[in-house]
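Q: Produce the complete structure using the sequences and hints provided.
Protein chains in written order, with my numbering: chain A, 1 to 185; chain B, 1001 to 1185; chain C, 2001 to 2222; chain D, 3001 to 3222; chain E, 4001 to 4247.
Do not rely on the hints blindly, as some may be mistaken.
Calculated pairs, DSS-like style, for lysine-lysine (alpha carbon to alpha carbon, straight line, at most 25 Å) [said to hold, decoys possible]:
(1) K2218/C / K4150/E
(2) K108/A / K4150/E
(3) K1108/B / K108/A
Which chain D residues stay away from chain E? Per the calculated CB distances, all over 12 Å, these [said to hold, decoys possible]:
(4) F3008
(5) Q3048
(6) S3072
(7) A3075
(8) S3086
(9) L3103
(10) A3104
(11) L3118
(12) G3192
(13) L3199
(14) F3211
(15) A3219
Calculated directly from the structure, the hints in this document are not laboratory data. From the three backbone atoms N, C-alpha and C, an ideal C-beta is built for every residue, glycine too.
As a plain string of letters, each chain reads:
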Amino acid sequence: MLTGFSLNVEPGEALVLLGPNGSGKTTLLRAMGGLVRPVAGEISLDPQSVAFLGHADALKPSETVEQSLAFWARLYGGDLETLDQVMTEMALAHLARRTCGTLSAGQKRRTALARIALSNRSVWLLDEPAAPLDARSRERLARLVRQHCAAGGIVIAATHVDLGWAGARVEDLRPAPTKTAAGVG
Amino acid sequence: MLTGFSLNVEPGEALVLLGPNGSGKTTLLRAMGGLVRPVAGEISLDPQSVAFLGHADALKPSETVEQSLAFWARLYGGDLETLDQVMTEMALAHLARRTCGTLSAGQKRRTALARIALSNRSVWLLDEPAAPLDARSRERLARLVRQHCAAGGIVIAATHVDLGWAGARVEDLRPAPTKTAAGVG
Amino acid sequence: MSALGAIFTRELRLAFAGGGGPAGPAAFNLAALALAPLAIGPDADTLQAAGPGVIAFAALLATLQPAERIFSEDASDGTLELYALSPVGLALSLFMKTLAFILAVFWTTPLLAFIGGLAYGMDVGSAFVLALGLAFAAPGLAFIAAFAGALAAGLKRAGLLIALIAAPLQVPLLVFAAGAGRAAMDGTGLEGPNLMMALAGSLAALALAPFGAAAALKARLE
Amino acid sequence: MSALGAIFTRELRLAFAGGGGPAGPAAFNLAALALAPLAIGPDADTLQAAGPGVIAFAALLATLQPAERIFSEDASDGTLELYALSPVGLALSLFMKTLAFILAVFWTTPLLAFIGGLAYGMDVGSAFVLALGLAFAAPGLAFIAAFAGALAAGLKRAGLLIALIAAPLQVPLLVFAAGAGRAAMDGTGLEGPNLMMALAGSLAALALAPFGAAAALKARLE
Amino acid sequence: MWSYFANPERFDRLARALIPWCWGVAAVLFAVGLPWALYFSPGDYQQSDTVRIMYVHVPAAWLAMFAYAGLGGASFVYFIWRHNLADLAARAIAPAGAVFAFICLATGSLWGRPMWGAWWVWDARLTSMLVLFLLYLGYMALRGAIEDEKLSARAGAVLAMAGLINLPVIKFSVDWWNTLHQGASVFRFDGPTIDASQLWPLAIMALGFTVLYLALVLTQMRAMMMERRAEALERRRERRLELEAEL
Ligand code: HEM
Ligand SMILES: Nc1ncnc2c1ncn2[C@@H]1O[C@H](COP(=O)(O)OP(=O)(O)OP(=O)(O)O)[C@@H](O)[C@H]1O
Ligand SMILES: Nc1ncnc2c1ncn2[C@@H]1O[C@H](COP(=O)(O)OP(=O)(O)OP(=O)(O)O)[C@@H](O)[C@H]1O
Ligand SMILES: [Mg+2]
Ligand SMILES: [Mg+2]
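A: Below, the structure written as structure tokens:
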């Protein structure tokens, strides 16, 4: 799929992966998280430092927003003290007691992003984080990413929409006929 | 959910629905297609003139792109003669014999849009048609919409991303405390 | 080809390509027939007496297994909306779909019943009557299962809901199909009425279930 | 609360809230118990002889029913990825999840076996032995079903695949549980060994199945 | 008439007035009926004191069937006219009916032990009651599985009506099943011709069960209405918070 590719990301950096449909962004992100084995090449990134957001939101219809966030924060060793603050930042405070099954597409995505923010992981891998978000929510996401990078974290996002992340590095994936080697450190 | 809303669309018009997450765009589109009953208010639109594209692509993993398009075109009374042409327009010609399960997110969306183009219906209701599309595919979609409107059709799309539809009317949904009445004709 | 024909052939193709045609339910049916004697024990008389019942029961269970998938996929991937907006309409589309599905998947049921009957110690004639009874009952059983599948489409634990909803409704067909086999085996001469009742029940299910299924799925769309 | 405890309580909550706890499988078990005699016929001797087997078989079928859902939802909604990347890891997460699920869902099995035993004409003592046998066997049956569920997660016709994969592995447990009940009923004095074997098989399944399940799901992720 | 009572306000007032009466009348009827049935009425010459189970068993059986008719009827009304109250009634009736079916099964099986020497016999009547119990369970499981309230109401209505069609069918088919097998040890109940000394307490108990059923259903309906109102308030709070967040 993806060939002739080498990537090196420094702490504090945000990286936006662009590329036409079918260029292998999803595949690359999953490989970086250790969720698929790369066909060729190698990836030097500890899966235990990764917070991953795929196309799906991983929300259970019967759980409330607050229950879901609290559970994952606890499992990933995140700081439960900041739960309320993160919910407010992602405009979820008024939905805290709603079950996830009744949320709209954008509300679900915001909840999934709040989970990432609460994960206490340094590398965020986000596949199309903003597709269903409205303008204000995208700003909220950008603020989150800015804070994370300022604290020395790494954010890698695949997207087709403008994320509006000032200062982010942009990498355009285009098929080229050589070997893959993606290293993140 | 959605209140104080009245809508009138003329043949040949393209309408873009904007609005923050949770403002009821999905609900409104489904109501216009007769797929949900509006809580209050009325909708004057014949479901038999509607082609609908929801969040999901309605593709079967085991079917090839061509089989799927041919089937729906036949069921909806579309013109099978134009099948190849539409596939070329949506850059699907090289994927015609791929099974839908192996497509990337954007490739799936393009297939679903080709189905709409082949449906022979005058009103297109599109929920987030472009979220996973790259820039070139968005242009292709815009061209498709332009042609449809030029032929007297109606297109109504809910979106958070810029569709780049020159000349489209834009309608912003915001909650207001009165009754719903949406009429499309 | 008409629109109905197109739906029929497409769903036939999907049932074979995506789901493997009759392989799954047939294998399940076979597994149930093979396990039951292990549970019931090796006593030949008990096995023979229980035979027609166990075989009809296994056939019923086999109809429940795929019921979950018939509509839940269409409900979650948006196909249902497309059928509902098509000129054919939801009820007829689903009728054709279910028909294609049942044809593709359940044509092995009478065959397995015949073989199973012999394996459980029935004579050839009674095994044949039992197979005939199941040939009559199977479409009805499958349609009722499909109705339950429509009600449960896309829900959690749909499989269990389906069993719970369909089982009470399938009781008469089960009773008559097994009854025909047992009547033939015991020589009570009542296999005729039993077969007739199985056929009648099946036809009634065939006539009513699609409307129920369409109503259930329409409710889901709204 | 530790991470493992958090997974356990969460999955317990999800099993009760989203799936209704034991209601579904219990109802399915009950339906199977009620339908089997309708198929087998009302002859009291046949019913009594077949009783322990039919009851154990119904319990086995009830464990197969929810197996499909245990992991397929987690596979499709992305939860599996999150568990895999968590500090606890996939295998342990799934072990806790399965344990919680089985506790929430299958505690009614021995109860139903006892009531079913009485309904099929067993005396109180034998019915109790049968219930004990199923109390021993049920966790093992459920773990094997969960393993099959992991292998089939997200596939088409997963329910059928599960039946085919799990059924052969469940046979020994089925035979011993039913055997204990039958031994008590027939007074052969062999209920002790049968119960011991059921317990041993269950423990073995409990020790092995989680690793198999994790391996299967890990393969799916990659 | 339907639309008259379909008004939630009016129904609420009516229910609030009726509920204490129902509970009160049921209590009085049981206070009279239970001692009469369980103590003062004569034992049967064949069945001695076990006959007293009848005073619970038979009303429970009647009400289980009556309640299913109510469930099907309410579902039909909801399905055609979409009156929310009809759905509320259906949801309230189901657990009550299931409980009565369960009482009938439990008492019947307790009775069967001394009378037939078996807890259970696969006889037509018993089996059809078991199937009815399963129908209730299926209905409740379906309602419980669907989160969306409207959806749950419609799917439930379809199922309840389907079960209604099947009710007589079950009866018939099971009769068939019985008469087909002469060899079977089919239980024949040539019960005692009911005498006035038994008929009176039975009638009082049946009436008591009926009023109890009404009380259960009305109370449950009111509870669900209040729950709904609480949810609406929660929604409004949410909206307010959201608007505040927007500002
Ligand atoms: C679990 C076991 C039993 C079940 C499920 C059951 C079920 C029923 C049902 C459904 C009815 C109402 C029939 C109708 O009104 O059409 C009924 C009535 C009755 N049952 Fe049972 N029954 C059971 C056991 C027994 C036993 C053991 C006895 C006594 C030996 C008994 C005696 C009666 C009597 C006297 C009636 C009233 C008949 C009448 O309407 O005249 N039942 N039972
Ligand atoms: N199982 C498969 N068999 C064959 N080709 C596959 C399979 N899975 C993915 N592909 C192909 O691999 C390529 C890369 O897919 P991927 O999903 O990574 O793209 P993407 O960059 O995420 O695209 P998009 O922007 O549309 O989401 C696509 O051309 C896709 O069709
Ligand atoms: N079953 C439900 N119960 C309660 N509220 C619901 C339910 N379904 C949707 N909603 C709410 O209705 C509102 C409108 O939802 P809708 O999906 O139409 O929004 P949308 O405009 O499409 O949003 P997005 O841009 O995020 O897709 C949201 O606030 C949502 O949370
Ligand atoms: Mg992608
Ligand atoms: Mg939406």
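Q: Going through the numbered hints above, which ones does this structure break? Give me the numbers in ascending order.
A: 5 and 11
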